[in-house]
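Undergrad: These are the residues of each chain, in order.
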Amino acid sequence: MSTTPFKIPIVPSIKRETYLNLYSRGLRLDNRDLYTPRRVEIETGVVEKANGSALVSLGNTKVMAGVKIEVGTPFRDTPDQGVLTVHAEFVPLASPTFEPGPPDENAIELARVVDRSLREVGAVDLSSLVIREGEKVWIVWVDLYILDHDGNLFDASMLAAMAALKTASLPDYEEYETGEIEVLRDKSQGPLKVDHTVVTVTTAKIGNYIIVDPTLDEEAISDARMVVAVDEQGRIVGLQKTGPHGYTREELERVLNISLSASKVYFKSLEEALARQG
Amino acid sequence: MGKKGGQVLITEEGLRHDGRRPDELRQVRMEVDVLENADGSALVEFGGTKVLAAVYGPREPIQKYIVLPDKAVLRVRYHMAPFSTSERKSPAPSRREVELSKVIREALESVVLSDLYPRTVIDVFIEVLQADGGTRTTGLTAASLALADAGIPLRALVGAVAVGKIGGTLVLDIDEVEDNYAEADMPVGAAPDIGLVTLFQINGVMTKEEVAKGLDMALNAIERIVEMEKEVLRSKYARVGEV
Amino acid sequence: MARQERRIVVPGDRLPPETTGPEEYLVDNGGWKTPAIVGILDVRDGKHVFIPLQGAYVPRKGDVVIGLIVSQGIVNWFVDINSPYQAILTAQDFLGRPFNPLTDDLSRLLRIGDYIKARVEAFDRTRNPLLTVQGEDLGRIVEGRVIDVHPSRIPRIIGKKHSMINMISEETGCKLYAAVNGRIHIVCPNPDSEAIAIMAIKKIEREPHTVGLTERVKRLIEEEKKVRGV
Chain X
1 MSTTPFKIPI
11 VPSIKRETYL
21 NLYSRGLRLD
31 NRDLYTPRRV
41 EIETGVVEKA
51 NGSALVSLGN
61 TKVMAGVKIE
71 VGTPFRDTPD
81 QGVLTVHAEF
91 VPLASPTFEP
101 GPPDENAIEL
111 ARVVDRSLRE
121 VGAVDLSSLV
131 IREGEKVWIV
141 WVDLYILDHD
151 GNLFDASMLA
161 AMAALKTASL
171 PDYEEYETGE
181 IEVLRDKSQG
191 PLKVDHTVVT
201 VTTAKIGNYI
211 IVDPTLDEEA
221 ISDARMVVAV
231 DEQGRIVGLQ
241 KTGPHGYTRE
251 ELERVLNISL
261 SASKVYFKSL
271 EEALARQG
Chain U
1 MGKKGGQVLI
11 TEEGLRHDGR
21 RPDELRQVRM
31 EVDVLENADG
41 SALVEFGGTK
51 VLAAVYGPRE
61 PIQKYIVLPD
71 KAVLRVRYHM
81 APFSTSERKS
91 PAPSRREVEL
101 SKVIREALES
111 VVLSDLYPRT
121 VIDVFIEVLQ
131 ADGGTRTTGL
141 TAASLALADA
151 GIPLRALVGA
161 VAVGKIGGTL
171 VLDIDEVEDN
181 YAEADMPVGA
191 APDIGLVTLF
201 QINGVMTKEE
211 VAKGLDMALN
221 AIERIVEMEK
231 EVLRSKYARV
241 GEV
Chain W
1 MARQERRIVV
11 PGDRLPPETT
21 GPEEYLVDNG
31 GWKTPAIVGI
41 LDVRDGKHVF
51 IPLQGAYVPR
61 KGDVVIGLIV
71 SQGIVNWFVD
81 INSPYQAILT
91 AQDFLGRPFN
101 PLTDDLSRLL
111 RIGDYIKARV
121 EAFDRTRNPL
131 LTVQGEDLGR
141 IVEGRVIDVH
151 PSRIPRIIGK
161 KHSMINMISE
171 ETGCKLYAAV
181 NGRIHIVCPN
191 PDSEAIAIMA
201 IKKIEREPHT
211 VGLTERVKRL
221 IEEEKKVRGV
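Each protein sequence line maps, in turn, to chains X, U and W.
For what it's worth, the numbering used here labels the leading residue of the first sequence as 1, then goes sequentially.
For what it's worth, the numbering used here labels the leading residue of the second sequence as 1, then goes sequentially.
For what it's worth, the numbering used here labels the leading residue of the third sequence as 1, then goes sequentially.
Bear in mind the hints are in silico, worked out from the structure with no lab data behind them.
Please read all numbers here as calculations on a predicted model, not as lab measurements.
Check each hint, because a few of them may be wrong.
Computed cross-link-like contacts, BS3-like style, restricted to lysine-lysine with a CA-CA straight-line distance of at most 30 Å [claimed, not checked]:
1. W:Lys-61 - W:Lys-202
2. U:Lys-236 - W:Lys-33
3. U:Lys-213 - X:Lys-264
Example chain U residues on the side facing chain W (calculated, C-beta under 8 Å, incomplete) [unchecked claim]:
4. Gly-57
5. Tyr-117
6. Ala-148
7. Pro-153
8. Leu-157
9. Lys-230
10. Leu-233
11. Tyr-237
Non-contacting residues of chain X with respect to chain U, defined by C-beta distances greater than 12 Å in every case (computed) [what the hints assert, rightly or not]:
12. Tyr-23
13. Asp-30
14. Glu-99
15. Asp-125
16. Ser-128
17. Glu-133
18. Leu-170
19. Glu-174
20. Ile-181
21. Val-183
22. Asp-186
23. Ser-188
24. Ala-220
25. Ala-275
Glycine is no exception: its CB is placed at the ideal position from the N, C-alpha and C atoms.
For reference, chain X alone in the conformation it holds in the complex (with noise of 0.2 Å):
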């Protein structure tokens, strides 16, 4: 069951007059302008008992995601293909509104959009994950660790996905003539197939504004939000609105331009981060 939210921190009402005040003048509390995502950070490799990891922090939020990569039985609709399943944990150190205890919604819904928008376009290549069809494959298992909140864990969640997954190695294995599989972690096969490049950008709706990459106050503050998944060509990949309130036709139109010209930045932050660490 989904509940209105009850237990919210209450925003003072001449915050959100504060924003929308800086808004009209085409600025930001932080001094940004309201198109340009915070300062982003990546650290790739921090984890080394994961097959891959990152350490994303955008502005201060701060998102782990490390991949772990195992033997498991494909599904049965895809003897073919390997599977990836994402995860994502809202620790409690995180935020004084995260409880411990199994996924909200809000988990759920983070990990859900991070999966389809990876999923959907084939950002990694499944195919590539067959050690015996119909038998054995590889599951690459995602999981996101929110651990300081300060608004948009989608795109630093995806950010931190994505450059882990990027730099995963595919561990190697020994076949034994029963037929087990013995998974020799610390020899590596190669590096994980990775086809495409995929970035979230979140954008809040705050009275007739649109800005990208909301902070924790201005998520407060929003009306709705809106998830867009870009690919390295451009193309949308996945779309999640959320938030309780709606979007005209045109608001609509703007958001898309919006979010697809801001996912350039984190394109490029995502490069050269790996460039530098790769």
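For this one, chain X is given, so just place chains U and W on it according to the hints.
TA: Okay, now just chains U and W, sitting in the frame of chain X:
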């Protein structure tokens, strides 16, 4: 084009596997006041998809802490009956159902005038009885109709439909077969009377131009869907007012 | 006869700007009005009036309601008044004197399942409505029956200057009290007249805004009286 797994999805004449044109809805059926106990209820069918929605409230919640001091709390549950799918679906709520409950609730929040009933809850229960594609959009349509039937004050009615992309062609109101092979599925929910899109998702790959065209297709159809909702409500009350 | 036109309006429909009616259900959608619930737009002599056919009962101070005792606390009862908000009746009010939970037994005064007729003393949507039974004709209902109808039908059941309710009362010999929260208390001389009164009430609930309703209800009562030999 549009042929996968031996199934022809778009014929050379541009027709779909069930004979529909790309911009054609399936047979739509709507009925309100179908349940005795609920304050409001509706049964909506889009082709083989059948969804029941019921509304209870505004009422004081059993758990007294689930309230807001200045408005009613909306609770929405989207759920699929175990027998609604080809293979039995476990009745335990899946991650998909959790997400869709949220997306549908957020599609209704902006039309429900919740500030008329502070400290109460309004419950919307959506049960998919048979799934043949478009269950979330049919569910949202049924929920809107059930809310209106319950007399919950609304700013406008909401209707919804999905647009799919098959072999590069945009098609309205995709069913399960089409959904299985579609390159993209774009569910849209809107309140045309106030010009707001309140549910919007894309699963799949589309260009910006395709999104814009698909939105136009969906919004056009939603205007007709909402008009059908209104007609159903009017005819229920026509005998009451003899007009 | 005056020119009259009626049509059903539903949420999202555009109402003429001059439409009057219950304010809470006439919503401003940014420059135009819509009914928030289903109702009738009555156009008569250039006047547009919105008459709701739905809507929950929201208590107002001074309303006389019929409530059902559903549970009790230490010094008060909780009362279902057919509203989103449960009402409270204090034992002190019921007794008309201070109440001591150590010496007085609440459940001997009113039992769960009892109906009361009470007046809303205070309500502002931030706290639950407070009832009083201090006043003429208020208190526990000891005889007759209580019929539930939709609260929006009460004005029609009462009729203009009580014309409808008086007619039913005269024709059936029953005493009727229609409370704004959609509950009607009836006390009848015999089971047949009670059945006829209920039939009449249910007919009005089903078709409250049809033309010539009073006449048809009267005919229904007369026919039923003949059938039953009352």
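Undergrad: Check the structure against each numbered hint from earlier and tell me which ones fail, lowest number first.
TA: Per hint list: zero violations.
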